[in-house]
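Chains A and B are the protein sequences, given in the same order. Going by our numbering, the first residue of the first sequence is number 1, and it counts up by one from there. Going by our numbering, the first residue of the second sequence is number 1, and it counts up by one from there.
If you are wondering where the hints come from, they were derived from the structure by calculation, not from laboratory data. Even glycine gets a Cβ: it sits at the ideal position worked out from N, Cα and C. Heads up, a few of these hints could be off.
Claimed, not checked - No more than 27 Å apart at the CA atoms, straight line, and that leaves these computed lysine-lysine pairs for BS3-like:
1) Lys37/A - Lys120/B
2) Lys37/A - Lys157/A
3) Lys106/B - Lys157/A
4) Lys202/A - Lys128/A
5) Lys264/B - Lys169/A
6) Lys64/B - Lys264/B
7) Lys202/A - Lys37/A
8) Lys103/A - Lys205/A
9) Lys254/B - Lys186/A
10) Lys202/A - Lys103/A
11) Lys106/B - Lys169/A
12) Lys120/B - Lys157/A
13) Lys34/B - Lys205/A
14) Lys157/A - Lys103/A
15) Lys202/A - Lys254/B
16) Lys264/B - Lys205/A
17) Lys264/B - Lys158/A
18) Lys42/A - Lys120/B
19) Lys202/A - Lys157/A
20) Lys128/A - Lys42/A
What the hints assert, rightly or not - Negatives, chain A to chain B, calculated, CB over 10 Å:
21) Thr5
22) Ala146
23) Arg171
24) Asp197
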Amino acid sequence: MIHLTTPISEEEILRLHVGDAVQLSGIATTGRDAAHKYMVEKLIEAPRPLPPADQTLYDELQSFLQGGAIYHSGPILRSEEGRWSFVSSGPTTSIRDEIYQDKVIAAFGLRVVIGKGGMGPRTLEACKRYKAVFLHGIGGAGVYNAASVVEVLDVFKKEEFGLPEAFWKIRFDRFTGIVTMDAHGKSLHDDLAQEFDRNFAKIIKGG
Amino acid sequence: MKSTAEWIGGKGFREAVFELVRLAACELPTDVEKALREAQAAEEPGSSAELTLSLFLENIAMAKERQAPVCQDTGLPIFFINQPEGVSRRLITRVCQDAVAWATTKQYLRHNAVDSVTGKNSGNNIGEGFPAVYFTEWDDPAVEMALILKGGGSENVSSQYSMPYAPLDAGRDIEGVRRVVIDAVRRAEGKGCPPGILGVCIGGDRGGGYAESKHQLLRRLEDVNPDPILAELEGRILADANRLGVGPLGLGGKTTLLGVKIGKLHRVPASYFVTISYMCWENRRRSIRIEPDGTWRITG
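Between the sequences and the hints, there should be enough to build the whole structure, so can you do that?
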């Protein structure tokens, strides 16, 4: 098991290869469909100057995502005396953010994208170019994953996006995943897809 | 003797349905846990597949202990209800909605009902067709409810084929069905959170096919289809799919499916649909029986 703590350096990312099991600690944000669309359309590609509220969020995200991680997850949370905590939070299917992810990696200097199911060629290229990895979480293991979210530091866009889609700024302690796309241009998903196709052809002919 | 309105509308009935929702979200059926344990033992020690399955099992234990939802995507709650004659379906539906909203305030369900046009989340899991409720009238005086929580990831990879399906030379016969079902599993890869459980319907119209395929998901993994042709097909597809190599979460391995359950509906001569509802590894399904005197017990 390899341990990483944000902010993560380029050298640390280059030491990782597909198949490596990793435990990640440090600050990250959740972000899924609505968050990625917003980041690209309202923060990254919007004409300057940005409206003040967007500029504030842009600066805030920049302050902790450089060298950091985004977690594709829509959590279940509990609020007790004004303090939020994660109850259940596994990764969601990442491919839905394929059209945005490369731009978000480039604009915010992300080192780790956490999700499930893998992503496509644009994200793989961005991982190689900007030195990042895709960390495959344990899908469905909501309570196990939530236990590694030891602190909720802040939340953005809660009212507008709803609880599952908001940006939850969190602190991880040893979040467990497997690197399935690395910064060397390798995707475990692509390799496996070829194997699945070969097996599929044999099974269909076997009829 | 209470009236049916007092029975269904009473506090005890609502509490029973709440209990069903809580159980479905937090405690997996025993057959699913057993199948995952057997799958873990069959994978290569030290492989991604083995690690993944061991973490699934750890998660199941943690969820039960903490009474927290096994997965954060608590999906669309789908109720299948057997009800005696003369009971108001509208009233039962309202009780299901109340229990779902109540469970949401207790964090047993995520805020999951989103208006499809405005994008607004209702915040209480109530909306048009949300939760989904299906009824069957039976001769028994009790109400039996089965609930499945159907997550979005697995629902997105569910699919329907109109036969014949030329790309696979799949005709309107059992061999054709086998081919397209394996195709659906191949296409789903890791996206439906394998090892999955398939509910399949042969025939029906498009809507009825999906409803029946979901109904098949209520069956226990070890049960045997009473139709010998379908029983054989279920076994064949399960064995074939597990040779694809997709494995837990699509990261490679021997366990791609935990079960295949197939039903059939009559069709019109011109149509032949094969419908596949893909269920994630958790297969969150529980059931409860509520007697006319208000007592209840968990039945699955």
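Hint-by-hint comparison with the structure:
Proximity of Lys37/A to Lys120/B is assessed by CA-CA distance (about 16 Å); at most 27 Å being required, the pair is judged to hold. For the suggested pair Lys37/A and Lys157/A, the alpha carbons sit about 13 Å apart, so the restraint of at most 27 Å is met. The hinted pair formed by Lys106/B and Lys157/A meets the criterion: a straight-line CA distance of about 23 Å does not exceed 27 Å. Annotation: proposed proximity of Lys202/A to Lys128/A is violated, straight-line Cα distance about 34 Å (limit 27 Å).
A hinted pair counts as satisfied when its Cα atoms are at most 27 Å apart, and Lys264/B with Lys169/A does not qualify at roughly 48 Å. With a C-alpha separation of about 35 Å, the suggested pairing of Lys64/B with Lys264/B is violated against the 27 Å cut-off. The suggested pairing of Lys202/A with Lys37/A is violated, with an alpha-carbon distance near 41 Å, which exceeds 27 Å. For a cut-off of 27 Å, the pair hint linking Lys103/A to Lys205/A is broken: about 42 Å separates their Cα positions.
For the given pair, Lys254/B sits about 23 Å from Lys186/A by alpha-carbon distance, which is consistent with the 27 Å threshold. Our distance criterion of 27 Å between C-alpha atoms is broken by Lys202/A and Lys103/A, whose separation comes to about 39 Å. With a C-alpha separation of about 23 Å, the suggested pair Lys106/B and Lys169/A falls inside the 27 Å cut-off, and the hint holds. Under the criterion of a C-alpha separation no larger than 27 Å, the hint pairing Lys120/B with Lys157/A is consistent with the structure, at around 13 Å.
With a CA separation close to 32 Å, the supplied pair Lys34/B and Lys205/A exceeds the 27 Å bound. The straight-line distance between the Cα atoms of Lys157/A and Lys103/A is roughly 20 Å, inside the 27 Å bound, and the hint therefore holds. Only pairs whose Cα atoms come within 27 Å are accepted, and Lys202/A paired with Lys254/B is accepted, the gap being roughly 16 Å. For the given pair, Lys264/B sits about 25 Å from Lys205/A by alpha-carbon distance, which is consistent with the 27 Å threshold.
Using a Cα cut-off of 27 Å, the hinted pair Lys264/B and Lys158/A is violated, with the two alpha carbons roughly 45 Å apart. Taking the CA atoms of Lys42/A and Lys120/B, the gap is near 19 Å; set against the 27 Å cutoff, the hint holds. In summary, the hint linking Lys202/A to Lys157/A is not supported, as the alpha carbons are separated by about 49 Å, beyond the 27 Å threshold. The straight-line distance between the Cα atoms of Lys128/A and Lys42/A is roughly 26 Å, inside the 27 Å bound, and the hint therefore holds.
Chain B leaves Thr5/A outside its interface by the beta-carbon criterion, the shortest separation being 21 Å against a cut-off of 10 Å. For Ala146/A, the condition that its CB be more than 10 Å from all CB atoms of chain B is violated, with the nearest at approximately 7 Å. Every CB of chain B lies more than 10 Å from the CB of Arg171/A, the least distance being 18 Å, so the non-interface label holds. Residue-level check failed: Asp197/A sits 8 Å from the nearest beta carbon of chain B, not beyond 10 Å.
The structure is inconsistent with the numbered hints 4, 5, 6, 7, 8, 10, 13, 17, 19, 22 and 24, although it conforms to all the rest.
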